[in-house]
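Q: Every position in the sequence shown, counted from 1, becomes a number in the working numbering once 428 is added.
Read the hints as simulated data drawn from the structure, not as lab findings. Since the model is a prediction, treat every value here as computed from it, not as a measurement. Just so you know, not all the hints are guaranteed correct.
Straight-line distance between alpha carbons at most 25 Å, and here's what the computed SDA-like set of lysine to any residue pairs gives [said to hold, decoys possible]: (1) K463 with P551; (2) K509 with N573; (3) K509 with G489; (4) K569 with M441; (5) K569 with D504; (6) K451 with L568; (7) K536 with L568; (8) K460 with D478; (9) K481 with K536; (10) K507 with P551; (11) K476 with K569; (12) K509 with L458; (13) K460 with H562; (14) K526 with E570; (15) K460 with K526; (16) K555 with K455; (17) K451 with D531; (18) K519 with Q571; (19) K526 with R515; (20) K569 with L477.
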Amino acid sequence: MENLNDVYNELIMEHSMNSYNKKKLDKCDLCKMGKNPNCGDEIEIELKLDGNKIQDIGFTGHGCAISQASTSIMIDTLKGKTIEEAREIIKTFIEMIKREITDEEELKKLEDAIAFRNISNMPARVKCALLAWHTIEDMLKEQNNNKQK
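With the hints as extra help, turn the sequences into a complete structure.
A: See below:
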């Protein structure tokens with residue numbers, strides 16, 4: 429039987445090499461650049477909304493396999509979700525990486541993003557895995573703040 433870690437590693441490699449989510453959107457409602465100065469990863473995330481739902485997300489930029497795969501898998505996980513659902517998933521992912529959540533039921537909502545659960549064992553890669561998640565988290569916070577003005 430295949431080891432679960434092998435399945436996760438294959439998933440990460442597949443997304444880092446063949447990301448169909450790496451694209452510019454025709455028009456975006458929200459967009460934000462995320463940078464990891466430690467290793468030079470740079471991604472721009474573009475988000476298209478349909479009311480309160482995330483209709484599409486694309487990203488451009490460059491970086492290591494972990495940051496590229498994490499961004500692509502994040503897009504698959506968040507596309508089609510409401511902003512509130514997305515916020516909850518983002519929070520869960522970040523808490524999983526920080527080892528604040530280990531409950532299997534709670535982690536199920538992450539879908540394929542659970543592949544990054546062991547990245548906390550590689551401290552140098554944590555920022556790479558979190559880059560896109562922090563970028564979209566900031567993007568949604570800014571959007572929320574602008575709505576409240």
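Q: Confirm or reject each hint.
A: Hint check results:
Proposed proximity of K463 and P551 is supported: the alpha carbons are some 17 Å apart, at most 25 Å. A hinted pair counts as satisfied when its Cα atoms are at most 25 Å apart, and K509 with N573 qualifies at roughly 20 Å. Proximity of K509 to G489 is assessed by CA-CA distance (about 24 Å); at most 25 Å being required, the pair is judged to hold. Our distance criterion of 25 Å between C-alpha atoms is broken by K569 and M441, whose separation comes to about 30 Å.
Under the criterion of a C-alpha separation no larger than 25 Å, the hint pairing K569 with D504 is consistent with the structure, at around 20 Å. Our distance criterion of 25 Å between C-alpha atoms is met by K451 and L568, whose separation comes to about 20 Å. For a cut-off of 25 Å, the pair hint linking K536 to L568 stands: about 22 Å separates their Cα positions. The straight-line distance between the Cα atoms of K460 and D478 is roughly 18 Å, inside the 25 Å bound, and the hint therefore holds.
Between K481 and K536, the direct Cα distance comes to roughly 21 Å. Compliance with the 25 Å bound is thereby established for this hinted pair. Between K507 and P551 the alpha-carbon distance is near 28 Å, which puts this suggested pair outside the 25 Å criterion. The straight-line distance between the Cα atoms of K476 and K569 is roughly 16 Å, inside the 25 Å bound, and the hint therefore holds. Proposed proximity of K509 and L458 is supported: the alpha carbons are some 15 Å apart, at most 25 Å.
About 11 Å separates the Cα atoms of K460 and H562, which keeps this hinted pair within 25 Å; it holds. The straight-line distance between the Cα atoms of K526 and E570 is roughly 23 Å, inside the 25 Å bound, and the hint therefore holds. Simply put, K460 and K526 have alpha-carbon atoms about 24 Å apart, close enough for the 25 Å limit, and the pair holds. Our distance criterion of 25 Å between C-alpha atoms is broken by K555 and K455, whose separation comes to about 28 Å.
Straight-line distance between C-alpha atoms of K451 and D531 comes to about 34 Å, which puts the hinted pair past the 25 Å bound. Using a Cα cut-off of 25 Å, the hinted pair K519 and Q571 holds, with the two alpha carbons roughly 17 Å apart. Between K526 and R515, the direct Cα distance comes to roughly 17 Å. Compliance with the 25 Å bound is thereby established for this hinted pair. Under the criterion of a C-alpha separation no larger than 25 Å, the hint pairing K569 with L477 is consistent with the structure, at around 15 Å.
Hints 4, 10, 16, 17 from the earlier list are contradicted by this structure; the remaining hints agree with it.
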